[in-house]
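*Asks:* So the sequence lines, in the order shown, correspond to chains P and H.
For the first sequence, the numbering used here begins at 1 and goes up steadily by one.
For the second sequence, the numbering used here begins at 573 and goes up steadily by one.
Worth double-checking, as some hints may not be accurate.
With a straight-line Cα cutoff of 25 Å, these simulated SDA-like cross-link-like pairs (lysine to any residue) come out [unchecked claim]:
#: 1; chain 1: P; residue 1: Lys290; chain 2: P; residue 2: Arg145
#: 2; chain 1: P; residue 1: Lys312; chain 2: H; residue 2: Phe597
#: 3; chain 1: P; residue 1: Lys170; chain 2: H; residue 2: Pro587
#: 4; chain 1: P; residue 1: Lys312; chain 2: H; residue 2: Lys586
#: 5; chain 1: P; residue 1: Lys299; chain 2: H; residue 2: Thr629
#: 6; chain 1: P; residue 1: Lys312; chain 2: H; residue 2: Ile648
#: 7; chain 1: H; residue 1: Lys640; chain 2: P; residue 2: Arg145
#: 8; chain 1: P; residue 1: Lys312; chain 2: H; residue 2: Phe602
#: 9; chain 1: H; residue 1: Lys586; chain 2: P; residue 2: Gly114
#: 10; chain 1: P; residue 1: Lys170; chain 2: H; residue 2: Thr629
#: 11; chain 1: P; residue 1: Lys195; chain 2: H; residue 2: Gln633
#: 12; chain 1: P; residue 1: Lys312; chain 2: H; residue 2: Val589
#: 13; chain 1: P; residue 1: Lys312; chain 2: H; residue 2: Gly626
#: 14; chain 1: P; residue 1: Lys539; chain 2: P; residue 2: Pro560
#: 15; chain 1: H; residue 1: Lys586; chain 2: P; residue 2: Asp166
#: 16; chain 1: P; residue 1: Lys300; chain 2: P; residue 2: Asp285
These aren't lab readings, by the way, just hints derived from the structure by calculation.
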Amino acid sequence: MTQTQHPSGAKALIQGLEREGVTHIFGLPGGAAIPIFDALVESPIKLVLVRHEQGATHMADGYARASGRPGVVVATSGPGATNTVSGLLTAHMDSVPIVVLTGQVIVGALGTDGFQEADVTGITYPVVKHSYLVKDTNDIPRVVREAFHIATTGRPGPVLIDLPKDIASKPCTSQIPETLNLPGYVLIGPPDPKKIKAAADLIMASRRPVFYVGHGAVISGAGEAIRALAEKLQAPVVNTLLGKGAVDETHPLHLGMLGMHGTAYANSAVMNCDLIVSIGARWDDRITGKVDEFCSNAKKIHIDVDVAEFDKVIRTDVCVLGDARAVVEGLLPLVGRLDTKDWLAQCASWREKYPLTYSNDKGLASQYVLDRLNHLTRGEAIITTDVGQHQMWAAQFCLTKHNRRWISSGGAGTMGYGLPSAIGAQLACPDRAVWAVVGDGGFQMTLCELATAANLKLPIKVLIINNHYLGMVRQWQELFFDNRYSGVDLEGNPDFVKLAEAYGIRGLRINSVADVDRVLEEAAGIHDGPCVIDAEVAKEGNVYPMIPAGAPLSRMLIGPPTVKLEKPTGST
Amino acid sequence: MKDSHTISLLVADKPGVLVRIALTFARRGFNIDGLVVSRIPGSDLSRMTLTSSGDPTRLEQIVRQLSKLIDVVRVIDHTGDSSIQLETGLVKISLDESNRETIFATIREYRAEVMDESVGALILSIHGSTERVHSFVQAIPQSAVREVVFSGKLLVARGTEPT
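Taking the hints into account, I'd like the entire structure generated from these sequences.
*Replies:* Structure below.
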């Protein structure tokens, strides 16, 4: 066989992606990545040309969260690659499987400060599950196979492949290996029946249990099993921001989101329970507040696929290592109905006493817009969000009924996530309505991707909750820093309706309460491309309930404080 | 509370592995006090013995995070077990008539070995537990010590236990 009959490294790379079932690749070219883009020309994989590499990573992330399949990014060397770092962090913090391919300078130029050279593996070590700097073309088929295996199994996460241009250009004579040799990456087996029994015993001994459901439950598809378990036991369920949709949030046993901006009834249940069962959640500081006082009198069970999460934040009574769904299905036959009548009545009374409230008295309330969006979409649409106040309001009011329909940057809190993740989600689920709920701040960080959405005629609806402020920081400054606003006034915002029109897409505006339903319905009826809705909301609305960072749950504010608040002890 | 921990690692012998391990410590503000790395002949693996000190709960976390690294095959915290531990010290000292007798007495006491003797300088080697190696260096008049090089701790588990 002559050399020319072998595919180039780049071609072998793309063949590897095809073999993995990749349908879309999100990226933007540059000198070092040209061989990869060249190999894409005759591939059935659809290339989505983005306007900024951060957008590509969030699109891949949204694609992965909506579909459960890994999202793929391709970027060039140097700044192209460093632009993916926020997206890698976002995926890493939230355990999302994405594979990022970066072009690199030729091997001989590595470390010489060549044009558009960056030490990309070096820069990204802390934000990837694993990474490769490929120095032999024949390693490419194996590396691609390993990268997808690592990204998608166990606790998922991002994997980066840095590919020098000459390595991508040389012929590849090796094949995709049938078996993987990763002695340092051993997947956990089925959960230990003894641990499941211990957990079941603790559950059956409880009087006031609560299930605390996180992203792990979404990833493993444990929702149905959790619902069955909760129904069998008659135990209430709460979820984290990322756990939304694992269990239908409109279910009578569901108390909504817990934590810093969770519902008062969810947090009251957590504060008063005698057993809390974490299913794929990691006792994040948004959830626990002051750790020493978190559920200090309750037993704790922790179900997680990652052994390193056990006892990281909180000491638990029983830890069950395993896939959330397998563990919950293992628990089901071991438990029976608990006498929780009084406990459920207590939870119901909290729900009645402390409902989520808002008022349109001081102008259009953001919550009203999102409440009406929920009314319109009824938990069926995919909702992506940016980060900030609108995100919390959307989490509170847009109840999610199904798995993988709520897509939000949780751990990293990455502004700019909402629009690109919606693009990825829409490509993964072309028949589903996709709404990107964004703030006027975060939207402007990645709004260049309107061009990407417009070009693909994706019918995503971008709902801007526009309060002309970086609202969450403004809220903190109002509550904890004596109203001293610093760096939060977004004076100079563009006219978002005209902006949409400049991209050749529909722009709609909500100015008052009377506009809300009409405009949302109009937007829902646009199917031939994206649209932007500028909802001009009250400027100084605040998100309640609120537990000040680092404070115990008992310090939850249901509404505006009546006394001056101390500065929070928690970091953010 | 600060504890010194000795951790052994079996890792893939490839570039970047050490960085990933070091970052796991650095991110939490932990120092690596000692580190020995060498390739295991006839394999594509390397052995590391690493010492670090700090809050034991945090170190337990670090060990768990280390075991998650794809290139780390095995990691064991040997703190408190009865593993065989060994360290080597090389000590360069200034030798003159005033300290000659004291220094040679110390060499005999510790059964240290003279590796090189030149005009005014003596190079000694000492093997044994970290405590013994350090104690030897302490026993030499400090004004005579010019340079000290420690190997870092080597460790192997007893009996059939894996390291």
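*Asks:* Hint by hint, say whether it matches the structure.
*Replies:* Structure-based check of each hint:
{"no.": "1", "hint": "Lys290/P with Arg145/P", "result": "violated, 43 Å"}
{"no.": "2", "hint": "Lys312/P with Phe597/H", "result": "holds, 15 Å"}
{"no.": "3", "hint": "Lys170/P with Pro587/H", "result": "holds, 22 Å"}
{"no.": "4", "hint": "Lys312/P with Lys586/H", "result": "violated, 29 Å"}
{"no.": "5", "hint": "Lys299/P with Thr629/H", "result": "holds, 21 Å"}
{"no.": "6", "hint": "Lys312/P with Ile648/H", "result": "holds, 18 Å"}
{"no.": "7", "hint": "Lys640/H with Arg145/P", "result": "holds, 19 Å"}
{"no.": "8", "hint": "Lys312/P with Phe602/H", "result": "holds, 16 Å"}
{"no.": "9", "hint": "Lys586/H with Gly114/P", "result": "holds, 24 Å"}
{"no.": "10", "hint": "Lys170/P with Thr629/H", "result": "violated, 49 Å"}
{"no.": "11", "hint": "Lys195/P with Gln633/H", "result": "holds, 21 Å"}
{"no.": "12", "hint": "Lys312/P with Val589/H", "result": "holds, 24 Å"}
{"no.": "13", "hint": "Lys312/P with Gly626/H", "result": "holds, 16 Å"}
{"no.": "14", "hint": "Lys539/P with Pro560/P", "result": "holds, 16 Å"}
{"no.": "15", "hint": "Lys586/H with Asp166/P", "result": "holds, 21 Å"}
{"no.": "16", "hint": "Lys300/P with Asp285/P", "result": "holds, 16 Å"}
Checked against the numbered hints listed earlier, the structure breaks hints 1, 4, 10; every other hint is satisfied.
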